[in-house]
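Asker: Following the hints, position chain B against chain A.
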Amino acid sequence: QQPVQSPQAVILREGEDAVINCSSSKALYSVHWYRQKHGEAPVFLMILLKGGEQKGHEKISASFNEKKQQSSLYLTASQLSYSGTYFCGTEQRAAGNKLTFGGGTRVLVKP
Amino acid sequence: NAGVTQTPKFRILKIGQSMTLQCTQDMNHNYMYWYRQDPGMGLKLIYYSVGAGITDKGEVPNGYNVSRSTTEDFPLRLELAAPSQTSVYFCASSRLRGTDYGYTFGSGTRLTVV
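Protein chains in written order, with this note's numbering: chain A, 57 to 167; chain B, 106 to 219.
Hints listed in this document are in silico derivations from the structure and should not be mistaken for laboratory results. Among the hints, erroneous ones may be present.
[Unchecked claim] Label-pair ranges, simulated between beta-carbon atoms: (1) B:187 - A:62: 30 to 40 Å; (2) A:136 - B:219: 31 to 41 Å; (3) B:125 - A:119: 35 to 45 Å; (4) B:123 - A:119: 42 to 52 Å; (5) A:121 - B:217: 40 to 50 Å; (6) B:217 - A:94: 10 to 20 Å; (7) A:123 - B:124: 42 to 52 Å; (8) A:162 - B:155: 48 to 58 Å; (9) B:182 - A:94: 21 to 31 Å.
[Stated by the list, open to error] Restricting the straight-line Cα-Cα distance to at most 25 Å, the calculated cross-link-like pairs of lysine-lysine (BS3-like) are: (10) A:123 - A:166; (11) A:106 - A:124; (12) B:162 - A:82; (13) A:166 - A:93; (14) A:115 - A:93; (15) A:124 - B:149; (16) A:82 - B:119; (17) B:114 - B:149; (18) B:114 - B:162; (19) B:162 - A:154; (20) A:82 - A:166; (21) A:124 - A:154; (22) A:154 - A:106; (23) A:154 - B:149; (24) A:166 - A:106; (25) A:93 - B:114; (26) A:123 - A:106; (27) A:115 - A:82; (28) A:123 - A:82; (29) A:124 - A:166; (30) B:119 - B:149; (31) A:93 - B:149; (32) A:115 - A:166; (33) A:106 - B:149.
Note that CB positions come from ideal geometry on N, CA and C, so glycine has one too.
In isolation and in its complexed conformation, chain A is listed as follows (with noise of 0.2 Å):
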């Protein structure tokens, strides 16, 4: 079942933060974080794995709550560069490396 991801689009001032949410139903082993930029393939940014981890990707944090089975990704700072479109993919137990993509978050940092 595919994640739901929050909110839907978000529109920043650069130099301002953001929280985007992904939820699944499902129980989770890991969760994938990708932007895609208009036109473009997805870029992948990060993983976290069960255990509550917690990574950074420039400015550009993630943590995973296994027990509510959601993560969030937090955009601090923000940068023109981040604008796009961000994807929260899941990856279920004993389901290989294969994932569940969610419906995306468009974000549009403005100067």
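Answerer: Okay, now just chain B, sitting in the frame of chain A:
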């Protein structure tokens, strides 16, 4: 390194025609995947493979077929194209579990069925 290479980049098919979307990776990844992305939507898994000779269906396999004869190549075959298959197709690969086993995506094939 080229990463994941997809050809063609664009294609227009007539209803009922068939075609093969090519995908090649040079990273020696065991896992390969085909996803489709409809406008403004997320990615849906069509087929995947965990190694040469092993393939399995994903979420939306109807109307498609795959084969995996080598580690590098994972072609996707469309039989009897239908307008509902108009989409952007992404091939991806990943390695087995380890540190940061994220997907590497190809640049995509934009297919229009008319």
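Asker: Taking the hints in turn, state whether each one holds.
Answerer: Tested hints:
Checked against the hint of 30 to 40 Å, the pair residue 187 of chain B and residue 62 of chain A passes, with Cβ atoms roughly 33 Å apart. Here the CB-CB span from residue 136 of chain A to residue 219 of chain B is close to 37 Å, well matched to the stated 31 to 41 Å. Taken as a hint, the range 35 to 45 Å holds for the pair residue 125 of chain B and residue 119 of chain A, whose Cβ atoms sit roughly 42 Å apart. In this structure the supplied range 42 to 52 Å holds for residue 123 of chain B paired with residue 119 of chain A, their Cβ-Cβ distance being about 46 Å.
Against the hinted window of 40 to 50 Å, the Cβ-Cβ separation of residue 121 of chain A and residue 217 of chain B comes to about 41 Å, which satisfies the hint. Between residue 217 of chain B and residue 94 of chain A the beta carbons are some 18 Å apart, a value that agrees with the proposed interval 10 to 20 Å. Between residue 123 of chain A and residue 124 of chain B, the C-beta spacing of about 46 Å keeps the proposed range 42 to 52 Å intact. Between residue 162 of chain A and residue 155 of chain B the beta carbons are some 33 Å apart, a value that contradicts the proposed interval 48 to 58 Å.
Checked against the hint of 21 to 31 Å, the pair residue 182 of chain B and residue 94 of chain A passes, with Cβ atoms roughly 29 Å apart. Between the alpha carbons of residue 123 of chain A and residue 166 of chain A the distance comes to roughly 36 Å, so the proposed pair goes past 25 Å and is violated. Taken as a hint, the residue 106 of chain A and residue 124 of chain A pair is honoured in the structure, with Cα atoms around 11 Å apart against an allowance of 25 Å. Only pairs whose Cα atoms come within 25 Å are accepted, and residue 162 of chain B paired with residue 82 of chain A is accepted, the gap being roughly 20 Å.
Between the alpha carbons of residue 166 of chain A and residue 93 of chain A the distance comes to roughly 15 Å, so the proposed pair stays at or under 25 Å and holds. Straight-line distance between C-alpha atoms of residue 115 of chain A and residue 93 of chain A comes to about 18 Å, which keeps the hinted pair within the 25 Å bound. With a C-alpha separation of about 24 Å, the suggested pair residue 124 of chain A and residue 149 of chain B falls inside the 25 Å cut-off, and the hint holds. The hinted pair formed by residue 82 of chain A and residue 119 of chain B fails the criterion: a straight-line CA distance of about 40 Å is larger than 25 Å.
Using a Cα cut-off of 25 Å, the hinted pair residue 114 of chain B and residue 149 of chain B holds, with the two alpha carbons roughly 19 Å apart. For the hint pairing residue 114 of chain B with residue 162 of chain B, the CA-to-CA distance comes to about 24 Å; that is within 25 Å, so the pair holds. This hinted pair checks out: residue 162 of chain B and residue 154 of chain A have alpha carbons roughly 11 Å apart, not beyond 25 Å. Only pairs whose Cα atoms come within 25 Å are accepted, and residue 82 of chain A paired with residue 166 of chain A is rejected, the gap being roughly 36 Å.
Straight-line distance between C-alpha atoms of residue 124 of chain A and residue 154 of chain A comes to about 21 Å, which keeps the hinted pair within the 25 Å bound. A distance of roughly 16 Å separates the Cα atoms of residue 154 of chain A and residue 106 of chain A; the hinted pair therefore holds under the 25 Å criterion. Our distance criterion of 25 Å between C-alpha atoms is met by residue 154 of chain A and residue 149 of chain B, whose separation comes to about 11 Å. Taking the CA atoms of residue 166 of chain A and residue 106 of chain A, the gap is near 34 Å; set against the 25 Å cutoff, the hint is violated.
Taking the CA atoms of residue 93 of chain A and residue 114 of chain B, the gap is about 17 Å. The hint holds against a cut of 25 Å. Restraint check for residue 123 of chain A and residue 106 of chain A: the C-alpha separation of about 9 Å stays at or below 25 Å, so the hint holds. For a cut-off of 25 Å, the pair hint linking residue 115 of chain A to residue 82 of chain A is broken: about 29 Å separates their Cα positions. The straight-line distance between the Cα atoms of residue 123 of chain A and residue 82 of chain A is roughly 11 Å, inside the 25 Å bound, and the hint therefore holds.
For the hint linking residue 124 of chain A to residue 166 of chain A, the alpha-carbon distance of about 33 Å lies beyond 25 Å, and the restraint is violated. Between residue 119 of chain B and residue 149 of chain B the alpha-carbon distance is near 23 Å, which keeps this suggested pair within the 25 Å criterion. For the hint linking residue 93 of chain A to residue 149 of chain B, the alpha-carbon distance of about 18 Å falls within 25 Å, and the restraint holds. Restraint check: the Cα-Cα separation between residue 115 of chain A and residue 166 of chain A comes to about 17 Å, which is no more than 25 Å; the hinted pair holds.
The hinted pair formed by residue 106 of chain A and residue 149 of chain B meets the criterion: a straight-line CA distance of about 23 Å does not exceed 25 Å.
Checked against the numbered hints given earlier, the structure breaks hints 8, 10, 16, 20, 24, 27 and 29 and satisfies all the rest.
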